[in-house]
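S.K.: Given chain A's structure and the hints, the job is docking chain B onto it.
What follows is each chain in one-letter form.
Protein chains: 2
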Amino acid sequence: MTDPFVVVGGDAAGLSAASKCKREDPDREVLVFEKGAWVSYAHCGMPYYVKGEIESLADLLSLTPDEVRERDIDLRREHEVVAVDTDRQTVAVEGPDGRFEQSYGDLLVATGAHATTDPIDGFELSGAFTMHSMDATAALRAFLTPPDEPVRGADVEYVDAARVAAYADREPPESAAIVGGGYVGVEMAEAFSAHGLDVHLFQRPERLVPPFGEAVGEVVAEELRDRGVTLHLSTEVERLEGEETVEAVRAGGETVETDTAVVGIGVRPNTALLDGAPVECGDSGAVVVDEYGETTVDGVYAAGDCSESRHVVTGESDWVPLGLTANREGRAVGATVAGAPSRVGGIAGTAVVKAFDQECGRSGLLDHERARAAGFDPVSETVTAGSRSGYYPGNAETRVTLCADRESGRLLGGSIVGTDRAAVRIDTVATALEAGLTVAELERTDLAYAPPFSPVWDPVLVAAKVLAGEV
Amino acid sequence: MTDPFVVVGGDAAGLSAASKCKREDPDREVLVFEKGAWVSYAHCGMPYYVKGEIESLADLLSLTPDEVRERDIDLRREHEVVAVDTDRQTVAVEGPDGRFEQSYGDLLVATGAHATTDPIDGFELSGAFTMHSMDATAALRAFLTPPDEPVRGADVEYVDAARVAAYADREPPESAAIVGGGYVGVEMAEAFSAHGLDVHLFQRPERLVPPFGEAVGEVVAEELRDRGVTLHLSTEVERLEGEETVEAVRAGGETVETDTAVVGIGVRPNTALLDGAPVECGDSGAVVVDEYGETTVDGVYAAGDCSESRHVVTGESDWVPLGLTANREGRAVGATVAGAPSRVGGIAGTAVVKAFDQECGRSGLLDHERARAAGFDPVSETVTAGSRSGYYPGNAETRVTLCADRESGRLLGGSIVGTDRAAVRIDTVATALEAGLTVAELERTDLAYAPPFSPVWDPVLVAAKVLAGEV
Chain A
1 MTDPFVVVGG DAAGLSAASK CKREDPDREV LVFEKGAWVS YAHCGMPYYV
51 KGEIESLADL LSLTPDEVRE RDIDLRREHE VVAVDTDRQT VAVEGPDGRF
101 EQSYGDLLVA TGAHATTDPI DGFELSGAFT MHSMDATAAL RAFLTPPDEP
151 VRGADVEYVD AARVAAYADR EPPESAAIVG GGYVGVEMAE AFSAHGLDVH
201 LFQRPERLVP PFGEAVGEVV AEELRDRGVT LHLSTEVERL EGEETVEAVR
251 AGGETVETDT AVVGIGVRPN TALLDGAPVE CGDSGAVVVD EYGETTVDGV
301 YAAGDCSESR HVVTGESDWV PLGLTANREG RAVGATVAGA PSRVGGIAGT
351 AVVKAFDQEC GRSGLLDHER ARAAGFDPVS ETVTAGSRSG YYPGNAETRV
401 TLCADRESGR LLGGSIVGTD RAAVRIDTVA TALEAGLTVA ELERTDLAYA
451 PPFSPVWDPV LVAAKVLAGE V
Chain B
1 MTDPFVVVGG DAAGLSAASK CKREDPDREV LVFEKGAWVS YAHCGMPYYV
51 KGEIESLADL LSLTPDEVRE RDIDLRREHE VVAVDTDRQT VAVEGPDGRF
101 EQSYGDLLVA TGAHATTDPI DGFELSGAFT MHSMDATAAL RAFLTPPDEP
151 VRGADVEYVD AARVAAYADR EPPESAAIVG GGYVGVEMAE AFSAHGLDVH
201 LFQRPERLVP PFGEAVGEVV AEELRDRGVT LHLSTEVERL EGEETVEAVR
251 AGGETVETDT AVVGIGVRPN TALLDGAPVE CGDSGAVVVD EYGETTVDGV
301 YAAGDCSESR HVVTGESDWV PLGLTANREG RAVGATVAGA PSRVGGIAGT
351 AVVKAFDQEC GRSGLLDHER ARAAGFDPVS ETVTAGSRSG YYPGNAETRV
401 TLCADRESGR LLGGSIVGTD RAAVRIDTVA TALEAGLTVA ELERTDLAYA
451 PPFSPVWDPV LVAAKVLAGE V
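Taken in order, these protein sequences are the chains called A and B. Heads up, the first sequence is in our numbering, so the first residue is 1 and it goes up one at a time. Heads up, the second sequence is in our numbering, so the first residue is 1 and it goes up one at a time.
It is worth saying that the hints were derived from the structure and are not from the lab. Being a predicted model, the structure only gives us computed values, none of them experimental. Every residue gets a Cβ at the ideal spot worked out from N, C-alpha and C, and that includes glycine. A portion of the hints provided could be inaccurate.
Claimed, not checked - Only part of the chain A face toward chain B is listed, based on derived beta-carbon distances under 8 Å: (1) Gly98; (2) Phe100; (3) Asn327; (4) Gly346; (5) Ala351; (6) Arg421; (7) Ile426; (8) Leu437; (9) Ala450; (10) Pro452; (11) Ser454; (12) Val456; (13) Trp457.
In isolation and in its complexed conformation, chain A is listed as follows (with noise of 0.2 Å):
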């Protein structure tokens, strides 16, 4: 008989896969670790949880422990992958009841990212969060609301109960000082302000939401100071300040008060389960694999947050972590494992996030020095087009930048900011991006007009036309 499929990660990459498996091979055993309690949660919807448009934390549950057992997929929690032994296709589990040898046919390492601290120090200190855990996001919410209140919709069976009770004894943050300008800071900015507090941003790089460009920065920088956000651009934070809580941050030579900080400046792939192990890791330190997500040793597969991805624009191997990636990549290995070689797919980096009311999109190459290094001679412009006919109610300015090789003509990236449906619109450029158009191709692509919804040329029709001028 077949040694099992063992799948390390409990989320989105390794559910998918462990369920696809079952699906498409019901006979073959699929065995999940866990490192946590938390399995299949929308990471993405915590900073929503946190700002009270969503009630529950169970409805950032994909699936319950239960849900997974029902597909007959064995899911062990609280069990810890430690060590990989690929010659003898062997895991080193450590669990409640102590450390244990499990053998695998395949294996899937789907162990995810952590967020980024180390460079902040003070991290240690209470009422200092990352947006990266369903306990720290239940904390958080408790933190915020009041004691005389309940909190609400944090009562999942295993959440840490105790930290919960803790915040919700506590005497909600006035103040709240975010490290770091990303999807996660300007994401917490806008629940933060939902709750009434007095919010301050502090970002190292001139810009927020870096990946998006310039054109969006800008923009969102704009929507967050409008909305009462301090911005402190520019801006390294040394150090969260406080006894035993945090009091302050300290940035710039500046020392800024605060009752709470989230730190959300980036993530690292979790891959020490595979030191001494031969599997190739690339320079993000994320797992290179090839296209059916098999690593450089037979048998084992990584996807998701911990392992590098092709960019359908550069054709090389990069780290983009995020949620699609996770799930296509996770169903693919499944696929491939129970039988159904099936490619995982690359990624063009495609990204969209809510600054308040303003709708950012991104995708493929933006950055003109990163393009370069890929071989290509960018050049880029950037359009304010309507959202709908000039005449119809509701049209919106919307920001457009595209990006092309000036020789080739080919479409590279794209970012677009906006309020009317923006954000929908650069899958138009993940489109294209995927299937390699040219600029002059993307101008000449019949895209939707109806007054209620376009105007005659989409605001990515005009930067098309814009741009196709000049390559």
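M.R.: Then chain B, alone, in the frame of chain A:
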């Protein structure tokens, strides 16, 4: 000196061509003959002016006659081109001062289309309208305005003021019949309902908006019924009845009383001026052109609603008269005539329409019979998926249909319907069709995900995932 660039028709295609030619080659003489008084107006906005959502008829003008002349274009309104002599390179023009000949170096036929009414007896009655002219639109809005109120926004200098005044004096209709359940019919149902009229919609086929396919048609029918519109499907209208004004609709053996009627049962290309000229027309009656918009006669171009275009899926010449195509083709012909050969691009028949709160989109081939005629072996799937993460407020059911060729897996077409940002998502399908992607490639495309805008798997990806299992 080169003979002038003569453009027949002063709407989207004609004025795009004239403007682009002048911009690229300012010394070229450009002459535009327009049969009527109106130039460069937004057909697609008319129902929303009637509805009252757009305040003024002037808002629907992209360019006024003065603005056209400021571009140094010699615009002659009330001048009808009645014949073309391609040997002598002249057109015969009938203007206010009689008939004359005009020689041309290059000629663009951009005469558009006209609304069909002839199968409906009684259309000559007062109170019957098509939504294909600005004067009719102004008259209908006047009709809907109580006699003691001023008619808003109809004060464009060259409007048919007598017709507006005549309707303004009449008691507003309390009921309306719509003949035809395509775009115009659905949009006019919304417009009449906004004025509180009792609305009856008659549709000969069994479904509304047939080019959008079954899944969309069902949702639109349900939406219209929910909004109080009485649908008469599979019902052919024989005639409008009345003494001088419309009093009833005779359809399917029944007589339904009504105070006004709008006929929107299709359009036909305006090509009468080419009778006798050796310019090839297709089965549609529209002019056949090459990839630069040139007809079978050198130096004679056609663009917009009077010409066919290359369908990006079938590769064949096809007739889908829509706004973006007219603008794009006109612009390309203008550039070509000015010495910068530019392709007019293909069409995918991408269209979007608003049916009250339902946003509908379609692109490519959906009809299996048509797909088979084009040499494909079509297979379709329809899915219902969320527009946002399930836990995020505002998530709405979105139905996506995708059609692909069974053997090659190539995407052939798609449709979408839903209340939350559904329409613009059809652009993903349109872009995939332009690029010739397979369903498997579409499934692997890195589309955007963030809880407020899209679930992890965008509805289009969900459909691609399901359909990819069958090709």
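S.K.: Each hint needs a verdict: does it hold in this structure or not?
M.R.: Status of each hint after checking the structure:
1. Gly98: Violated, about 36 Å.
2. Phe100: 34 Å, violated
3. Asn327: 5 Å, holds
4. Gly346: 7 Å, holds
5. Ala351: 7 Å, holds
6. Arg421: 5 Å, holds
7. Ile426: For A/Ile426, the interface hint holds, since the closest Cβ of chain B sits about 5 Å away, which is under 8 Å.
8. Leu437: At about 6 Å, which falls below the 8 Å cut-off, the nearest Cβ of chain B leaves the hint on A/Leu437 intact, so it holds.
9. Ala450: Holds, about 4 Å.
10. Pro452: This hint holds: A/Pro452 lies near chain B, its Cβ roughly 5 Å from the closest one there, short of 8 Å.
11. Ser454: 7 Å, holds
12. Val456: Since chain B brings a Cβ to about 5 Å from A/Val456, closer than 8 Å, the hint holds.
13. Trp457: 7 Å, holds
The structure fails to meet hints 1 and 2 from the earlier list, while all remaining hints are met.
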